[in-house]
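Enquirer: Listed below are the residues making up each chain.
There are 2 protein chains.
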Amino acid sequence: MTLSPTPAYLELCRRNQRHYRLHHAIGILHWDSATMMPPRASGARADALAELESLLREWQTDPALATLLAQADAESLDPLQRANLRESRRVWLRATAVPPALATQRSLVAMRCEHAWREQRHRHDWPGFLENFKPLVELVRREAGCLADALDVGRYDALLDMHEPGLRDSEVSRLLGHVRNWLPGLIGQIRERQRSQPCLIPQGPFALAAQRDLSEAVMRALGFDFQAGRLDVSSHPFCGGTFEDIRLTTRYSEYDPLAGLTATIHETGHALYHMGLPESLREQPVGAPRWGAIHESQALMLEKQLGLSPAFIRWLAPLLRQHLGEQPAFATDNLIHLFQRVEPGFIRVDADEVTYPAHVILRYDIERALIEGEIEAEDIPVRWNAAMRELLGIDPGELYGQGCLQDMHWACGMFGYFPGYLLGAMYAAQWAARIRREQPDLEQQVEAGEFGVVIDWLRQHIHRHASRYDSNELVRIASGEALDPDYLRQHLMARYLDD
Amino acid sequence: MTLSPTPAYLELCRRNQRHYRLHHAIGILHWDSATMMPPRASGARADALAELESLLREWQTDPALATLLAQADAESLDPLQRANLRESRRVWLRATAVPPALATQRSLVAMRCEHAWREQRHRHDWPGFLENFKPLVELVRREAGCLADALDVGRYDALLDMHEPGLRDSEVSRLLGHVRNWLPGLIGQIRERQRSQPCLIPQGPFALAAQRDLSEAVMRALGFDFQAGRLDVSSHPFCGGTFEDIRLTTRYSEYDPLAGLTATIHETGHALYHMGLPESLREQPVGAPRWGAIHESQALMLEKQLGLSPAFIRWLAPLLRQHLGEQPAFATDNLIHLFQRVEPGFIRVDADEVTYPAHVILRYDIERALIEGEIEAEDIPVRWNAAMRELLGIDPGELYGQGCLQDMHWACGMFGYFPGYLLGAMYAAQWAARIRREQPDLEQQVEAGEFGVVIDWLRQHIHRHASRYDSNELVRIASGEALDPDYLRQHLMARYLDD
Ligand SMILES: [Zn+2]
Ligand SMILES: [Zn+2]
Chain A
1 MTLSPTPAYL
11 ELCRRNQRHY
21 RLHHAIGILH
31 WDSATMMPPR
41 ASGARADALA
51 ELESLLREWQ
61 TDPALATLLA
71 QADAESLDPL
81 QRANLRESRR
91 VWLRATAVPP
101 ALATQRSLVA
111 MRCEHAWREQ
121 RHRHDWPGFL
131 ENFKPLVELV
141 RREAGCLADA
151 LDVGRYDALL
161 DMHEPGLRDS
171 EVSRLLGHVR
181 NWLPGLIGQI
191 RERQRSQPCL
201 IPQGPFALAA
211 QRDLSEAVMR
221 ALGFDFQAGR
231 LDVSSHPFCG
241 GTFEDIRLTT
251 RYSEYDPLAG
261 LTATIHETGH
271 ALYHMGLPES
281 LREQPVGAPR
291 WGAIHESQAL
301 MLEKQLGLSP
311 AFIRWLAPLL
321 RQHLGEQPAF
331 ATDNLIHLFQ
341 RVEPGFIRVD
351 ADEVTYPAHV
361 ILRYDIERAL
371 IEGEIEAEDI
381 PVRWNAAMRE
391 LLGIDPGELY
401 GQGCLQDMHW
411 ACGMFGYFPG
421 YLLGAMYAAQ
431 WAARIRREQP
441 DLEQQVEAGE
451 FGVVIDWLRQ
461 HIHRHASRYD
471 SNELVRIASG
481 EALDPDYLRQ
491 HLMARYLDD
Chain B
1 MTLSPTPAYL
11 ELCRRNQRHY
21 RLHHAIGILH
31 WDSATMMPPR
41 ASGARADALA
51 ELESLLREWQ
61 TDPALATLLA
71 QADAESLDPL
81 QRANLRESRR
91 VWLRATAVPP
101 ALATQRSLVA
111 MRCEHAWREQ
121 RHRHDWPGFL
131 ENFKPLVELV
141 RREAGCLADA
151 LDVGRYDALL
161 DMHEPGLRDS
171 EVSRLLGHVR
181 NWLPGLIGQI
191 RERQRSQPCL
201 IPQGPFALAA
211 QRDLSEAVMR
221 ALGFDFQAGR
231 LDVSSHPFCG
241 GTFEDIRLTT
251 RYSEYDPLAG
261 LTATIHETGH
271 ALYHMGLPES
281 LREQPVGAPR
291 WGAIHESQAL
301 MLEKQLGLSP
311 AFIRWLAPLL
321 RQHLGEQPAF
331 ATDNLIHLFQ
341 RVEPGFIRVD
351 ADEVTYPAHV
361 ILRYDIERAL
371 IEGEIEAEDI
381 PVRWNAAMRE
391 LLGIDPGELY
401 GQGCLQDMHW
411 ACGMFGYFPG
421 YLLGAMYAAQ
431 WAARIRREQP
441 DLEQQVEAGE
451 FGVVIDWLRQ
461 HIHRHASRYD
471 SNELVRIASG
481 EALDPDYLRQ
491 HLMARYLDD
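Chains as they are written, first to last, in this note's numbering: chain A, 1 to 499; chain B, 1 to 499.
Isolated chain A (complex conformation) (with noise of 0.2 Å):
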């Protein structure tokens, strides 16, 4: 037997699978917990899934590690193996910057403060929710603060970060300034065109059986192999599970039937990103998708890019007639206008892609001004209501439920998400560019149901690198320059101003 040239790297990737597979373990239960478990179960799944996290969390912080990774870094490592090197000292990081104690404070205080916040929400009770977040708010600048330390940049900066490694305010900024300065002139072109628009409104009810098999076919079509994951029903639908065993969820409106569709074809561009990870990395850290902005962009790619398109949609219509049957409302023009209307509302996730941006511009501004301590928790209903009418001329007043309290983010604790999902409409615009200038044909091949051209380009350019580049140098591997939000502009201008 001959000594391994890198013996504490191959320790580090033994330890990496261990956590890997308790990583599974915790997917499946909480798939379990939000889709097939029943209610008097809900104690003791907590209590399991708490034991396992915790479990987790000694792993990743064994004091054994620091000496690993910096035994590692010392060996002869290639590109790939150096790149998961740089990916396992990333959780590491994540996991040991903060102290046990505040993580755990942190993590109680936003549990009760989430818990409070889902009855709250429904009462309009502000006041309510503020003496559970004033608390929480603390608690996450103070780990902000952790963070901001070990990787030496600011507060919102190391929540970012953690989402998006390498991601910095000043970056965000700029990209969401871009949108800032475009967007409501856009916003008004729009509605003045569509005002004289005819749109009819799908009749229902439509059976809940159908819904599902419309899901799945178009699921099918777009590439989700149902031998290597499943589609469910949640109260909120997610991607869960695991990389190899991906569980998606949606949920069926029986009076909107396009609603659950898109979350279907949201969510499967989540799914399919996992689905192309490559399996001989698929237990370390480089092996797992890039989260944040470049998921979302998946995700956004399908749903938007993809799944708004009129020869997406005059591929769809038949099938959604099969299905649901026949009625005015399906007529593929009438769908078009349907899939594709903009209007200002109160809810960001019930937002058509023009609007959405100013969901996120608003929530940024508020978010990154309070951890950074230029605001409390107190000044949010009125800058919230006060962005809301300069963004989309419309204001929540105090039905704060469609106001500051609609979202579980800020509620949890969690700072710095936000951002990613307009970055990540950014990188799809960026994504169908490239694809479009390298496919004439693209329109012709959608309309025809052949997905594969779009499909494959995410596979061949993002998934299959999995966590080997940071975002951006994947950005200008995949499509040969840096990230561009010029993109998105045009993107909107030619779907909803050309003809």
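Think of the hints as simulated: they come from the structure by calculation, not from any bench. Here the structure is a predicted model, which means the values were calculated and not measured. A virtual CB, placed ideally from N, CA and C, is assigned to each residue, including glycine. There is no bait here: all hints are sound.
What the simulated footprint calls covered on chain A by chain B, stretch by stretch (three residues with Cβ under 8 Å from a Cβ of chain B suffice, anywhere in the stretch; the number is not a length):
{"id": "1", "segment": "14 to 28"}
{"id": "2", "segment": "40 to 48"}
{"id": "3", "segment": "229 to 243"}
With beta-carbon atoms standing in for the labels, derived distance ranges:
{"id": "4", "chain 1": "A", "residue 1": "Val233", "chain 2": "B", "residue 2": "Asp441", "range": "44 to 52 Å"}
{"id": "5", "chain 1": "B", "residue 1": "Gln71", "chain 2": "A", "residue 2": "Arg118", "range": "40 to 48 Å"}
{"id": "6", "chain 1": "B", "residue 1": "Pro79", "chain 2": "A", "residue 2": "His115", "range": "37 to 45 Å"}
{"id": "7", "chain 1": "A", "residue 1": "Val233", "chain 2": "B", "residue 2": "Gly177", "range": "50 to 58 Å"}
{"id": "8", "chain 1": "B", "residue 1": "Glu326", "chain 2": "A", "residue 2": "Val233", "range": "29 to 37 Å"}
Since chain A is already given, all that's left is putting chain B with the ligands on it; use the hints.
Expert: Just chain B with the ligands now, with coordinates in the frame of chain A:
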């Protein structure tokens, strides 16, 4: 803060709790593998389960546990705590008695043997099976030897003890000897009597959804709590999940609707045991059910004692017709004949309650002699076929898949479990006799669909005790006397020979 007077015992409980929570995760993942998991995930799932199971073994064999058990023994404990200490020691003893290298090797060889057996039984390939089975038997003998040393009993005793604490071969031999004396004669008498009995076979197909609804209705009537469990489909019915989240599975056959229903009722008996365990002991070894014969008795109580009784079938018949449609075979009298049909056959799991004991006796004779080294694996087929001729008057010849290759138990290296099936039937007969004595109007209640009197008796006298008493104490506490195999004979005589 005052120091607890039982620090070692409390630390032991804390560790038991951790083990239990890991068990919860393992239980749900196993259920998911059999019911929900897409096929391509099986490799990753096996890895994740192996990781969790090796972690559990690591925890259970932690040398600190030996010290804790000794220290707790010297603390002042109440009787329930003492029972919990006894059960904790039992778990520890079983985990530590076998050297890890031997346990691992046995587990690998067993997996290989079982995997090959899945095909070999269909090809009746006894020589092929023998290649894997001979080394497996050798390893099981060594493992049993280690357990026997730790318990200071014989090798086969040690295997019996794994499933039923305190059960010894001398007792099994006595109990099965009792049945051996009267069984062949009884089978002959019943067969003679049923010879002229008309019996129509149901004419399918029967929709699986209707069978599922019928199963659920029967489960509900028997007291299964769908807020604390589920019913799903798997190729082999089982009662999985965890005590607080019971995942029961069944299978439906389009042409044999009684098979799926019978399996469901059997598994519901197992499930009700778990549902009746005391919440306060949930995470401790003393809070577990008694496995082996006691557990089997809960299933057989519902499936055979209750489920094959004319009163139950009179209640079931209209419900069955309502779900599956009217036909001559579903006339109440014919259903009674169908359910109570006695016919010697090759396959244990298809056997009626009268010929079933013969299948157990035959396996017991062979596996006991095999473990004790009185025979070798090569001797099995000849012995098997001879015993089949002697006990049931039929001979599978060289169709080993219908003979000694039919069960998974031996192929998995599981010995000492078979007697529990017959002891379970004896226990069930004893419970039923006791309930009949206490409830003179039992039949009327059952016919009216009021099963509370049966289920409540089981809850009160069996379920709520969990593992507080060993099986001998439990049977005395529950029924007022020691296990008496004559109850089974009396039950079969009354059901099949009285008028
Ligand atoms: Zn998404
Ligand atoms: Zn059973």
